[in-house]
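Protein chains: 2
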Amino acid sequence: MITSSTNSQIKNLLQLKKKAKERNRQDVFLVEGIKMFREVPRERLQKVYVSNSFYNNTDHARELENCEYEVVSDPVFEAVSDTKTPQGILCVIRQFHYDFSDLTRGEAPLCLALENLQDPGNLGTIFRTAEGAGVTGILLSANCVDLYNPKVIRSTMGSVYRMPFYYTDDLRGALRQWQQQGISLYAAHLQGKNTYDQENYGKPSAFLIGNESQGLTKETADLADCYIRIPMSGQVESLNAAVAAAVLMYEARRQRS
Amino acid sequence: MITSSTNSQIKNLLQLKKKAKERNRQDVFLVEGIKMFREVPRERLQKVYVSNSFYNNTDHARELENCEYEVVSDPVFEAVSDTKTPQGILCVIRQFHYDFSDLTRGEAPLCLALENLQDPGNLGTIFRTAEGAGVTGILLSANCVDLYNPKVIRSTMGSVYRMPFYYTDDLRGALRQWQQQGISLYAAHLQGKNTYDQENYGKPSAFLIGNESQGLTKETADLADCYIRIPMSGQVESLNAAVAAAVLMYEARRQRS
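Protein sequence lines correspond, in order, to chains A and B.
Numbering-wise (our numbering), the first sequence opens with residue 39 and increments by one.
Numbering-wise (our numbering), the second sequence opens with residue 39 and increments by one.
One or more hints might be untrue.
Any copy will do: because identical chains look the same in the list, a pair fits if it lies in one copy or spans two.
What the hints assert, rightly or not - DSS-like mimics (lysine-lysine), calculated; alpha carbons at most 30 angstroms apart, straight line:
(1) Lys55 x Lys189
(2) Lys241 x Lys256
(3) Lys122 x Lys56
(4) Lys122 x Lys256
Since the hints were derived computationally from the structure, they do not count as laboratory data.
In isolation and in its complexed conformation, chain A is listed as follows (with noise of 0.2 angstroms):
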């Protein structure tokens, strides 16, 4: 059992949690709670760690089997979690790595395409929304919070397993090849003529959502096919990034279904 905090393990995990530059280095990146460990693809655990009194109840000990892990005190354990009350298992994932084209599987291809989103427990949610949705692929400018951030992993609810990603230097340059592909790109924007429920998402589509306070830079918003304008009643001048995307895509799947 490890029980200082100087041990190199728990000193590297500390590095992981705090550093995206660690994370990438080392290519991996942290999740904690049962469900998440319950959830994880088994190739890509590198390493689970668990709090003592987590270790000795008999039923999580049972589901520790065939994984490589280490027992923490309790303490050390707290100093390591992300949390406030740890549920005393915290894993160690090896990154995902897809191709661009992974975004757009199937035949009618649902994207999202992020620009310069910086709230982690915005991004989270709107992978798990996305998924949910029925999304294909999510595209993130390389500006955007690191989605391996640990608040934004725990927002995701595992979700960031499931869902394919990219992030790119060239944002644009991604866009007009979804576009030369025969995806419409539709940009969420208070100058929208239309209302987001007027278009049709049935065939190949792609939301732009932007920044929480700038929205979309206006470079990005022109390249748009389309603006569409979720209307909003008394003094709101914009929703939540993650509400946002959340109305879309659930009016995207409305229509498929």
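Following the hints, put chain B in place on chain A, whose structure we already have.
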């Protein structure tokens, strides 16, 4: 200018930031940021605190005319602020006191009932989305997170000023009253036979939204006139509470427009 964090006004602001009990006793709450300041109904504005550097901006000083305000040194302001990069303006606002009947104004009320909602960001986002979707009022069970929690307030983006709401110790009693007024209750529920877009929300309607991890209690779900299901692809078991509420509210809005 206040330069000491032991100043009695500063000590009181810290209490108001942290303690719901103190907010309720003084019948006030705090808001931060220039947008929240500009949108506040003037008759509710009790006092404004600005940081020294905020105040030294001439445009800002002009906006403070006719307000009772106090200048606070930058370091003391930072200690009082709830955000990492404070905008430099914080207001003490008088709390709202709606009647239960305020939630259902108009010919075809569209309401929300929230049971034991715990996440501050979710609650604030729900208020913001609700105003955008044209919801008439929000009912909250007494065990929901405090609306006047600074994190909730921030996520409402000002909708807290305009959306009627009512906390109740007797959620089920209140829901029965709505039913007697002819309001149909729809529970977002995994066991719904119909998907959410197969029902008609043009008539007086209310959506019941449950706790983030447990969902609705059985007793409350049992009251619903109809269970509705939000279809989910992949391995998604549920949506984020604010996202689920948004999908339902915007479907109602779509049908009503």
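Each hint tested on the structure:
1. Lys55 x Lys189: Result: close both inside a copy and across copies, 10 angstroms intra and 24 angstroms inter.
2. Lys241 x Lys256: Within one copy, since 25 angstroms is at most 30 angstroms while 40 angstroms is not.
3. Lys122 x Lys56: Both: 16 angstroms inside a copy, 18 angstroms across copies.
4. Lys122 x Lys256: between (40 angstroms within a copy, 29 angstroms between copies)
Consistency note: the structure conflicts with none of the earlier hints.
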